[in-house]
Amino acid sequence: MAKIRLEKINYVYSPGTPFETRALRDVDLEIKEGIVTGIIGHTGSGKSTMVMLLNGLEKPTSGRVLLDGVDIWEKPKEISKVRFRVGLVMQYPEYQLFEETVAKDIAFGPRNMGLSEEEIAARVREAAGIVGLAPELLEKSPFELSGGEKRRAAIAGIIAMKPEVLVLDEPAAGLDPAGRERILATIRKYREQTGGTVIIVSHSMEDMAEICDEIVVMLEGSIFMSGSTAEVFSKAGELRRIGLDVPEITGLMLKLRDMGVEIDTIPYTVSDAVPKLMKLLK
Amino acid sequence: MNNISFGQYYPADSLIHSLDARFKVICAFLYIVCSFLCKNILSFAALLASAVILVAVSGIPMRILLRALRPIIFILLFTVVINMFWTTGETLLFSWWKIRVYYEGIMNALFIAVRIVVLIIGTSIFMTYTTTPIALTDALESLLSPLKVVKAPVHEFAMMITIALRFIPTLTEETNRIMAAQKARGADFTSGSAFKRARALIPVLVPLFVSAFRRADELATAMECRCYHGGEGRTRLNVPHCRPRDFVMLFVIIAFGAGLILINIYGVGYTMK
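Same order as they appear, the protein sequences are chains A and B.
Here the numbering used here is used: the first residue of the first sequence is 1, the next is one more, and so on.
Here the numbering used here is used: the first residue of the second sequence is 1, the next is one more, and so on.
Check before you lean on any hint, since a few could be wrong.
[As the list claims (entries may be wrong)] Label pairs and their computed distance ranges (CB to CB): (1) 42(A) - 146(B): 46 to 56 Å; (2) 125(A) - 199(B): 38 to 48 Å; (3) 255(B) - 242(A): 55 to 65 Å; (4) 143(A) - 167(B): 20 to 30 Å; (5) 66(A) - 165(B): 36 to 46 Å; (6) 152(B) - 136(A): 51 to 61 Å; (7) 227(B) - 14(A): 31 to 41 Å; (8) 240(A) - 144(B): 51 to 61 Å.
Think of the hints as simulated: they come from the structure by calculation, not from any bench.
For glycine and all other residues, C-beta sits at the position ideal for the given N, C-alpha and C.
The following block holds chain A by itself, in its conformation from the complex:
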């Protein structure tokens, strides 16, 4: 069942001026409910534009965005309701923190939804738990936190709105390996606790392989290919042709197979690859 469906979406920046740029052309896409969908592509391939369309921050030049089968622009005045249902964590979300304390900042979204104080407090605690922020951090100023903590505080601000779809644009960009691992853990925990639909934009094939059920590859404003993670990463040749890559471990296994080693299915995460490699070594 499609949670979100994009129909013939076109998006043009600054139409009618010398700066006119076509960011998306005739995009048709279905995002399935209850799974993690990854979007990969080069800088400028239209990924970030596309995620801004999903919650109505941008309006497509032509085409429709359907959420549960209903056009989100049917009632333009109620677009903010769509934003509570599709929670978007933008790139470098730590730069949007502004409140005196972390708890107040996480509460900003729920407060805008008009919830009761008790409900807000409960949601702040819950969201902080999912992203792994210690309770004593909640009373600190957001500007005192470390980079990774700020990032997770910002993500908690969206999770606290309990959106039906959580969209994350480059959630691990610019973090150290430990910070990155905690972000991935956050997403896994969020999936376990809520079972919600998740969409992730990323450059990192390793992250995508670890966490995504389905992957969409974008190229110059169009969908280049899409399918399950295994399907997409099995097409290493095509991905490399457009300048993208497969996870390193997949690359290694493909190379081994080319050298004549017998491998039945090519794994795309290290944990899947370990038993196969162990078997080869015996």
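Model the placement of chain B on the given structure of chain A, informed by the hints.
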């Protein structure tokens, strides 16, 4: 993508775009002088014709140029009304109650309107529409450099303007990004009372200031790392060159001004006082 689309610069491949920015600043100044030299109907007609030629040569669509006039519509109407009703003359055209409209008043209003419109169009074509803000600051630095003799910090001043201009698109983009991020959390910037809307800007202004200070710090460090020490002994990346066409343009404008003076001397028709 928005890096150069701020201000009014309109990229095109025209004669005026290709002129040296320093000459364009001087030409704009001389053109202003020209518009004030006009006194009678013939010289104003010549001024109007020159503006039409400028527009045609600059390759900037009329639609874009009219946008430059939008902010001054009120001033334009105001001066026209004042001149029309408060000028006294010899030929009374129309009189009702306390309002008297003279032929001289109509002509004055018309002349002033033409002068203002041509002034705006002329300066925008020579400067803002065809010259990037950075080129414009460089030109000003170069034109003001004689002041260095009296120890005026011309280079530092130009550098400040350049940096400020450089950061306008960056901060605009940043503002849009932060606003989008807060909108994604349900912030509403468009409804409610003025007080409520001002309050709604806090979630945008706090992160914006934090990021502006961070950027200023980073830029200062980056400049120090590259041994920036002010203007002394500094050479330029883009050395401006004047070409024959720059001097031709300058000559044309001066000749135009001289022509206007001649028209005034042998003027025909109504002459403005």
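So, going through the hints one by one against the coordinates:
1. 42(A) - 146(B): 46 to 56 Å: Distance hint for residue 42(A), residue 146(B) holds at roughly 50 Å.
2. 125(A) - 199(B): 38 to 48 Å: 26 Å, violated
3. 255(B) - 242(A): 55 to 65 Å: Since the Cβ atoms of residue 255(B) and residue 242(A) sit about 59 Å apart, the hinted range of 55 to 65 Å holds.
4. 143(A) - 167(B): 20 to 30 Å: Given about 22 Å between the Cβ atoms, the range holds.
5. 66(A) - 165(B): 36 to 46 Å: 43 Å, holds
6. 152(B) - 136(A): 51 to 61 Å: Cβ of residue 152(B) to Cβ of residue 136(A): about 55 Å, so the range 51 to 61 Å holds.
7. 227(B) - 14(A): 31 to 41 Å: 38 Å, holds
8. 240(A) - 144(B): 51 to 61 Å: Given a distance of about 55 Å, which is inside 51 to 61 Å, the answer is holds.
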